[in-house]
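Protein chains in written order, with our numbering: chain S, 6 to 159; chain H, 218 to 383; chain D, 1251 to 1525.
Please note that the accuracy of each hint is not assured.
[What the hints assert, rightly or not] Derived list of chain S stretches under chain H, where covered just means 3 residues or more per stretch with a C-beta under 8 angstroms from a C-beta of chain H: (1) 38-48; (2) 95-103; (3) 113-120; (4) 131-141.
Treat the hints as calculated values from the structure; they're not laboratory data.
Since the model is a prediction, treat every value here as computed from it, not as a measurement.
A virtual CB, placed ideally from N, CA and C, is assigned to each residue, including glycine.
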Amino acid sequence: MRLLSYALALTALTVPPLSAQRPITVAGVRSLSFGAVLPGVPTVVPRTSAANAGQFDVTGPHDSQAALTFTLPVVMTGPAGATLPLLFGGSDAGYSQSQSIGSQIGFDPKQPFVITFSQNGRGSVFLGGTAQPVPTQRAGSYTATITLTVVSLP
Amino acid sequence: MYNASKLAFAALALVLTGVISAQGQVNGSILATAQVQTPITVSGTQNLSFGNVFPGVAKAVAYTDAANAGKFSVAGQASTPVTYSFTLPTNLTSGGNNLPIGSWLGYENTSNSTSGGSGITPSAAPTSSTLSGSGALFFFVGATVTPPANQAAGSYTGTVTLTVSY
Amino acid sequence: MRRALRFIPILLCATRLGAQGVVIAPHALFIDGRARSGSVLLYNPNTEPVEVSISLLFGYPVTDSLGRIVLRTIDHPDSTMRSAAGWIQAFPRRLTVPPLERQTIRLLASPPPGLPAGEYWARLVIAARGGQAPVTGVTDTAAVKVGLTLEVRTIIGVYYRQGAVRTGVAMSNLRTALAGDSLVVRSRLVQQGNAAYIGTVQGVLTDPTGATRGEFKAPIGVYYTMEPRYAMRIGALTPGRYWLKVKLTTEREDLGPEVLLPSAVARDSVEVGIP
Chain S
6 MRLLSYALAL TALTVPPLSA QRPITVAGVR SLSFGAVLPG VPTVVPRTSA
56 ANAGQFDVTG PHDSQAALTF TLPVVMTGPA GATLPLLFGG SDAGYSQSQS
106 IGSQIGFDPK QPFVITFSQN GRGSVFLGGT AQPVPTQRAG SYTATITLTV
156 VSLP
Chain H
218 MYNASKLAFA ALALVLTGVI SAQGQVNGSI LATAQVQTPI TVSGTQNLSF
268 GNVFPGVAKA VAYTDAANAG KFSVAGQAST PVTYSFTLPT NLTSGGNNLP
318 IGSWLGYENT SNSTSGGSGI TPSAAPTSST LSGSGALFFF VGATVTPPAN
368 QAAGSYTGTV TLTVSY
Chain D
1251 MRRALRFIPI LLCATRLGAQ GVVIAPHALF IDGRARSGSV LLYNPNTEPV
1301 EVSISLLFGY PVTDSLGRIV LRTIDHPDST MRSAAGWIQA FPRRLTVPPL
1351 ERQTIRLLAS PPPGLPAGEY WARLVIAARG GQAPVTGVTD TAAVKVGLTL
1401 EVRTIIGVYY RQGAVRTGVA MSNLRTALAG DSLVVRSRLV QQGNAAYIGT
1451 VQGVLTDPTG ATRGEFKAPI GVYYTMEPRY AMRIGALTPG RYWLKVKLTT
1501 EREDLGPEVL LPSAVARDSV EVGIP
């Protein structure tokens, strides 16, 4: 028992102080908004669109790395269960250490992407995409949920 | 013993906290949103063209003339009633010169064809119609130009306007 | 022969004029009295720029003596009419939409103070024309060449909603008449409440066993009073007694549910004798 206590105490000593471990957080800031969409006419929202691109803010230990993984819907859902196809291209996501939409590093939102937190431990992830309504798309409001998972890497 | 156990539990909790902090996983979500709006499109798809005409010789273009008749198309919600009317010139102009045009004839159809629909009088008052089950409607117009024998040379133009009201 | 061949490409050009028109959405614009603004999206699907001009007028659909739906326009509506045409403005009123691009028309409302609750109407007129079409012809023989450009004007409804709005419709005098292979249906519809009745009319003809022998369905807007005519193809029916059931609902597939005012379903039915 005494050995176990010693072992646990020793283990505890190897863990960095809590004050040095800024917790990782991710917060959805802005929806990816396609606005008014016409049936049969694809609508593209660039990740650099300040008004329409989706945005997440992330925090983590400064200079540490984290992996970003999106869970992307393939459709938005609308009235009476109608669906509207969504498409994400290979550079529709972007990461900004400075949290500036004008200064992003593009990446493929369908693949995990490793980021390095800045000195202040903050960053922003931006997301664009394409809505592809069919010519017979039913009128109404369509929504879907986009989830960003941030895994802190040691 | 009791105190030792509490210490061990506290240390274990500390380890777990460290793991969460260093290798944690968190999620955040946003919405993707879109507002689909049903559109209407009214298009002039082919100008009414007479090509060359000769002074003193009237020339007609029938609405059935696939190459030269004026054509309009309407696309919208299926089975929607609409009101339509034409604004037609009585003269075409070239500089300060006029060239008379008249005898307008037309055709409306729910398919892009001059058969299976019905003849219309483009100069008539606003008329009602209904888009097809697929939301389509087509109009075809023809007319006759009557250049007098002393018609001045030039390129004569005018505008045919189709008004469609939802 | 050589001369004729030289003319062929020129004549073919006459058939290759690009379409002139824009996609307009929505086809009915609802403006909330709290926001006092709305927008219409224009999209040019063509390869040539389209010149667009915007204006407003007052009008609403009515039916003529034959039951056909026509737009009644009123140049100078008096104060008893639900006109919003005088105090809604569109910006811009002239614009050019480049090929494959979108432009937004914004509508701003400045209603008079103390405007009673209810819905007020205007019609937005969107006139579109492409660039001047070339006048085609054989340049070396003809002294006079003639060609006409097409212009299109699309008129859509604008509905300004002030305060609490409600709608409904009363149906009466449902009647039928045989016309060839079709059954013509008419009824009197009177709008209720302080907003237009925007919905769908459906009719079903059933035989004595309850089987459907004909039906029709169409969008409808009732602003005051109208008696629309609908024809359903019924073909050759066995002589006998049939039932026609007609109902109006505030359901529309072309409009989002957020802009549709709910109302109780209006129903009526009538016996139809097939000789």
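Self-check item: Numbers of the earlier hints that this structure fails to satisfy, in rising order
Solution: 2 and 3
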